[in-house]
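Sequences listed follow chains E and R, in order. Going by this note's numbering, the residue at position 40 of the first sequence is 230; the numbering climbs one at a time, nothing skipped. Going by this note's numbering, the residue at position 219 of the second sequence is 272; the numbering climbs one at a time, nothing skipped.
In short, the hints are calculated from the structure, not lab data. Any given hint could be a false lead.
Stated by the list, open to error - The calculated DSS-like cross-link candidates involving lysine-lysine, where the alpha carbons are at most 27 Å apart (straight line), are:
1. R:Lys485 - R:Lys192
2. E:Lys226 - R:Lys505
3. R:Lys157 - E:Lys246
4. R:Lys345 - R:Lys505
5. R:Lys304 - R:Lys340
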Amino acid sequence: MSDRVLGVACLLLSAFYIFMATQIQTSFITDYLGPKFFPILIASLLAIAAIFPIIKPDPDPDWPGIGRLVEIVFAVAVMVAYTYALPVAGFVVSTAITAGILSWRLGAKPVAAATAGVSISVGIYVVFHLILQLSLARGPWGF
Amino acid sequence: MEVFSQLADGFAVALTFQNLALALVGCFLGTIIGALPGLGPSNGVAILIPVAFTLGLPATPALILLTSVYYGAMYGGRISSILLNIPGDEPALMTTLDGYPMAKKGQAGEALALSGIASFVGAFFATWGLVFLAPQLVKVALLFGPAEYFALFSLAFATLGGIASQNQAKAVIAAMIGLGIAMVGVDHQTGVPRMTFGNIHLYEGIDFLVAIVGLFAISEVLLFLEHKAGAAPSEANQKLARVTAPFWMLKKTAGTMGRSTIIGFLAGVLPGAGASLGSFVSYTIEKKISDKKGTFGTGDPRGVAAPEAGNNAAAGGALVPMLALGVPGSGTTAVLLAMLMALNITPGPLLFTQRPDVVWGLIAALFIGNIMLLCLNIPLVGLFVRVLRVPSKYLMPAVTMISFVGIYGISGSTFDLLMMIIFGVVGYVLRKLNIPTVPIILGILLGNEMEKNLRRALEISNGDVNILWGSPLTIGIWVLAIAGFIAPFVVGRFLRPKKDPTVAP
Numbered sequence: 191m192s193d194r195v196l197g198v199a200c201l202l203l204s205a206f207y208i209f210m211a212t213q214i215q216t217s218f219i220t221d222y223l224g225p226k227f228f229p230i231l232i233a234s235l236l237a238i239a240a241i242f243p244i245i246k247p248d249p250d251p252d253w254p255g256i257g258r259l260v261e262i263v264f265a266v267a268v269m270v271a272y273t274y275a276l277p278v279a280g281f282v283v284s285t286a287i288t289a290g291i292l293s294w295r296l297g298a299k300p301v302a303a304a305t306a307g308v309s310i311s312v313g314i315y316v317v318f319h320l321i322l323q324l325s326l327a328r329g330p331w332g333f
Numbered sequence: 054m055e056v057f058s059q060l061a062d063g064f065a066v067a068l069t070f071q072n073l074a075l076a077l078v079g080c081f082l083g084t085i086i087g088a089l090p091g092l093g094p095s096n097g098v099a100i101l102i103p104v105a106f107t108l109g110l111p112a113t114p115a116l117i118l119l120t121s122v123y124y125g126a127m128y129g130g131r132i133s134s135i136l137l138n139i140p141g142d143e144p145a146l147m148t149t150l151d152g153y154p155m156a157k158k159g160q161a162g163e164a165l166a167l168s169g170i171a172s173f174v175g176a177f178f179a180t181w182g183l184v185f186l187a188p189q190l191v192k193v194a195l196l197f198g199p200a201e202y203f204a205l206f207s208l209a210f211a212t213l214g215g216i217a218s219q220n221q222a223k224a225v226i227a228a229m230i231g232l233g234i235a236m237v238g239v240d241h242q243t244g245v246p247r248m249t250f251g252n253i254h255l256y257e258g259i260d261f262l263v264a265i266v267g268l269f270a271i272s273e274v275l276l277f278l279e280h281k282a283g284a285a286p287s288e289a290n291q292k293l294a295r296v297t298a299p300f301w302m303l304k305k306t307a308g309t310m311g312r313s314t315i316i317g318f319l320a321g322v323l324p325g326a327g328a329s330l331g332s333f334v335s336y337t338i339e340k341k342i343s344d345k346k347g348t349f350g351t352g353d354p355r356g357v358a359a360p361e362a363g364n365n366a367a368a369g370g371a372l373v374p375m376l377a378l379g380v381p382g383s384g385t386t387a388v389l390l391a392m393l394m395a396l397n398i399t400p401g402p403l404l405f406t407q408r409p410d411v412v413w414g415l416i417a418a419l420f421i422g423n424i425m426l427l428c429l430n431i432p433l434v435g436l437f438v439r440v441l442r443v444p445s446k447y448l449m450p451a452v453t454m455i456s457f458v459g460i461y462g463i464s465g466s467t468f469d470l471l472m473m474i475i476f477g478v479v480g481y482v483l484r485k486l487n488i489p490t491v492p493i494i495l496g497i498l499l500g501n502e503m504e505k506n507l508r509r510a511l512e513i514s515n516g517d518v519n520i521l522w523g524s525p526l527t528i529g530i531w532v533l534a535i536a537g538f539i540a541p542f543v544v545g546r547f548l549r550p551k552k553d554p555t556v557a558p
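Isolated chain E, as found in the complex (with noise of 0.2 Å):
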């Protein structure tokens, strides 16, 4: 089932590849082939891939259950939430707290996981910034 979905999702895409290849403006200077022909080549190779697992499909997966996929999506959810936290709370703060979170999504005790999250963050601070001087974001307390 689930590589039925795969072959019909391909097909999509490939269908709406083709048709943005078409929409590609081409200038006054071009090739033999232009700037179209390889992106709709790729597109229908896709498609007729996708004709095999619709056609004979794998057996399914282990999907996990909701339970985890709730818990991968909330770990998601928590990482887009991390980049927008970067740039205005500052690497060490928003580090901490998104390493923590994960740990303790990953099974760490709450006191342990907040251990965790500052070591982890202030680690990373101190090699990679401090040792190494990469740059990291920057909050409005200077790190």
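Starting from the structure of chain E, add chain R where the hints point.
Chain R alone, transformed into the frame defined by chain E:
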């Protein structure tokens, strides 16, 4: 011999204090990365590329650092195979078969020492193979025109699904997705934007580093979240009495190591095979040749030596097509190709003629790294074993955060970080669906070169498509490509290791 004088120049480049220190750091980090279950050579190197890149290291030192990590990870993979029965990375899968039984018999120390020596033998002689074979391949490759290159890229994609691939259609899907992603951005020939949806961030194309770190590292974290695990593997507490291999054991396995090195190296050179196949084939063949008493699988030292020599030799062999042709044969070499491209070095025949300092410095660094790894691995194995006890609930958050630091360091843009997360989610879904992620990476890396060569070829021939198969060289490459694509249907069943999807690529 010209080769030796070039190699001597290489050693002159590599043997500076800074480079030696970087090699040492790389070997150390690499062994840890390889040993940790869930972090293989590809994601290890992938996470470190942006970091090395943003540190502003020049090309040769950066290469030395990252190839040491690559070789180190190849060494490290065996540690958790032997002690925990969990392969640290995919090529180490075969080492579990005899390594873990040996550890259960109380021979963990012997198994670790023996596998370290076998790894050294495999990698050391494979590097010599690289020294002699790569320049020969370069001579051929210098004759290549755009049509030959287009055929060669097609060959890489046709075989990348691998001879052990289960589903060629899925490999094609992956390659096409990668190539499709490569098309995003301004067209190099005519300067028109393609597939950018008017988004200014997409005009430069999608940075392959963002894609690699997302597909390899972030998706790995999501896979970990699937299981409510997180406890440290308890069996790592095994006592290591002594980490040396007795002489009789080395004598008994010498022939095994020799054979497996040759087999592994050849498997590595072949496009689409790589280290996993190297270790699988050398174990299987060794079992056929010398398993007279049926001791393989019950803790036979030869069953430890064979896959370890094989996979390290294959890792060296895989560097031959990557350096000489610019076409990687395996997942990890695809990541190494990304590293070279991030450093603005295009591998291929011209690299050997224009930047011999890079090539030979790198090869010299491989020799140095190997010797360092042997010296590090035998006495320090106890330390690496302790690292194994870091539970994933603390390890994976750290890996995630370092991935973010690396990508943020390149551009400092929120857009790139979001892109990385998207790639992580896509990578997770694709890995669940058993779609290989390596062809996607290769598509992103090679897409523009492939298109450029196709368009140039047709420009030269004035639109006559016959140029694509008009020379003996192109015909030869196409035949190989077709054979490589069809081979899995024919022989794949016999060459397919039982694959555990949770093992890092």
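How the hints compare with the structure:
no. : hint                : verdict
1   : R:Lys485 - R:Lys192 : 42 Å, violated
2   : E:Lys226 - R:Lys505 : 13 Å, holds
3   : R:Lys157 - E:Lys246 : 43 Å, violated
4   : R:Lys345 - R:Lys505 : 55 Å, violated
5   : R:Lys304 - R:Lys340 : 17 Å, holds
When each numbered hint is compared with the structure, violations occur for hints 1, 3 and 4.
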